[in-house]
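Undergrad: So the sequences go chain by chain: Z and W. According to the numbering used here, the residues represented by the first sequence are 10 to 145, in order. According to the numbering used here, the residues represented by the second sequence are 12 to 111, in order.
If you are wondering where the hints come from, they were derived from the structure by calculation, not from laboratory data. None of the values given here were measured: they were computed from a predicted structure. Even for Gly, the Cβ is constructed at its ideal location relative to N, Cα and C. A few of these clues could be false.
Heads up, simulated EDC-like pairs for lysine to aspartate or glutamate below, C-alpha to C-alpha not over 16 Å straight-line [unchecked claim]: (1) W:Lys84 - Z:Asp119; (2) Z:Lys30 - Z:Asp140; (3) W:Lys84 - Z:Glu112; (4) W:Lys51 - Z:Asp119; (5) Z:Lys76 - W:Glu82; (6) W:Lys51 - Z:Glu112; (7) Z:Lys76 - W:Asp83; (8) Z:Lys102 - Z:Glu131; (9) Z:Lys30 - Z:Asp119.
The following residues of chain Z were derived to be distant from chain W, with all beta-carbon distances above 10 Å [unchecked claim]: (10) Ser55; (11) Asp61; (12) Asp79; (13) Glu111; (14) Glu112; (15) Asp123; (16) Met139.
Which chain Z residues face chain W? A few, computed with CB under 10 Å, are given here [claimed, not checked]: (17) His63; (18) Asp68; (19) Pro80; (20) Leu95; (21) Tyr98; (22) Arg113.
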Amino acid sequence: MSEVMDLPGDDEEFASGVVKKFMFVNRKAPHGSIYALEVLEMVLISAAFDQDVHLAFIDDGMYQIVKGQDPSGINQKNFSKTFRALDGYDIEKLYVEREGMEERGLTEDDFLVDVEVISQAEMAELMNGMDVVLSA
Amino acid sequence: MLHTVNKSPFERNALASCLAHATDGAAILLIEDAVYGATKGTSVAAKVEAAAAKCKVFVLGPDLAARGMSEDKLIDGITVVDYEGFVDLTVEHSVVQAWL
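The shape of chain Z in the complex, shown without the other chains (with noise of 0.2 Å):
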């Protein structure tokens, strides 16, 4: 892990350092806890170590990406807009689970960032090619 863990800023490490493809897998509704705060943030962290990223939303973690959120009413943040900004730290690999949306009446045009929907199995087949799963 040394490799992969050294501080930004020495390029030559950095260049040589090992890519492991990360799954960052969203399991949580977006304010009524705080896992999906918080694994927005290693995401973000996570983007500071050029890993190979993905992100999934599978259950209620789907609700994080709903357009239209707005928590200012239970004075909470409005982190949703956060997603948005992803692409510019190269993460784009973002996937969500067809039968999770099909359970909650949810289709593509709900989403405010663009994401692929897959199958369950599809889906399966994704975190077992990853390296690192880390699940909220």
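With chain Z fixed as given, assemble chain W onto it according to the hints.
TA: Just chain W now, with coordinates in the frame of chain Z:
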């Protein structure tokens, strides 16, 4: 009796258990992640629609707005309340059961 539910119906069975125990005329208030249960087209919508026909179902507006669930997506017969309405409901009912 006023029932309050604060868990997503897709993650916990609190809403299902509440609906199974609520008697005719009871008031049911959906708050926090339970507001997802108030929207149309979900796998739990049929149960909530049936409950709305025999009970009074309410949903907390600020929790809906926080989650981007617009009011035009709500199941027919569900009433949106604000925090004052929440207080009124607790005053109107002598017993409040919180389905945590």
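Undergrad: Next, verify each hint and record whether it holds.
TA: Hint-by-hint comparison with the structure:
A threshold of 16 Å between alpha carbons decides the hint, and for Lys84 (chain W) with Asp119 (chain Z) the separation of about 12 Å falls inside it, so the pair holds. Simply put, Lys30 (chain Z) and Asp140 (chain Z) have alpha-carbon atoms about 5 Å apart, close enough for the 16 Å limit, and the pair holds. For a cut-off of 16 Å, the pair hint linking Lys84 (chain W) to Glu112 (chain Z) stands: about 15 Å separates their Cα positions. Taking the CA atoms of Lys51 (chain W) and Asp119 (chain Z), the gap is near 14 Å; set against the 16 Å cutoff, the hint holds.
A hinted pair counts as satisfied when its Cα atoms are at most 16 Å apart, and Lys76 (chain Z) with Glu82 (chain W) qualifies at roughly 14 Å. The straight-line distance between the Cα atoms of Lys51 (chain W) and Glu112 (chain Z) is roughly 11 Å, inside the 16 Å bound, and the hint therefore holds. The suggested pairing of Lys76 (chain Z) with Asp83 (chain W) holds, with an alpha-carbon distance near 14 Å, which does not exceed 16 Å. For the hint pairing Lys102 (chain Z) with Glu131 (chain Z), the CA-to-CA distance comes to about 14 Å; that is within 16 Å, so the pair holds.
For a cut-off of 16 Å, the pair hint linking Lys30 (chain Z) to Asp119 (chain Z) is broken: about 28 Å separates their Cα positions. A cut-off of 10 Å between C-beta atoms confirms that Ser55 (chain Z) is not in contact with chain W; the least separation is 26 Å. Annotated as non-interface, Asp61 (chain Z) keeps its C-beta farther than 10 Å from every C-beta of chain W; the closest such distance is 29 Å. The Cβ of Asp79 (chain Z) does not lie farther than 10 Å from every Cβ of chain W; its closest approach is about 5 Å, which violates its non-interface assignment.
With a minimum CB-CB distance of about 8 Å to chain W, Glu111 (chain Z) fails to clear the 10 Å threshold, and the non-interface call is violated. With a cut of 10 Å on Cβ distances, Glu112 (chain Z) falls inside the contact zone with chain W, its closest approach being about 5 Å. Against chain W, the non-interface label of Asp123 (chain Z) holds: every CB pair exceeds 10 Å, the least being about 17 Å. At the 10 Å boundary, the C-beta of Met139 (chain Z) stays outside the reach of chain W, the nearest C-beta of that chain being 24 Å off.
Given hint, His63 (chain Z) at the interface with chain W, is violated; its Cβ is 23 Å from that chain's nearest Cβ, farther than 10 Å. Proximity of Asp68 (chain Z) to chain W holds as hinted, the smallest CB-CB distance being about 7 Å (cut-off 10 Å). Taking 10 Å as the C-beta cut-off, the interface hint given for Pro80 (chain Z) holds, the closest approach to chain W being about 4 Å. Because the closest C-beta pair between Leu95 (chain Z) and chain W is about 18 Å apart, greater than 10 Å, the hint is violated.
Annotation: Tyr98 (chain Z) was flagged as interfacial toward chain W, and the flag is violated, the nearest CB pair being 23 Å apart, outside 10 Å. Annotation: Arg113 (chain Z) was flagged as interfacial toward chain W, and the flag holds, the nearest CB pair being 5 Å apart, inside 10 Å.
Checked against the numbered hints above, the structure breaks hints 9, 12, 13, 14, 17, 20, 21 and satisfies the rest.
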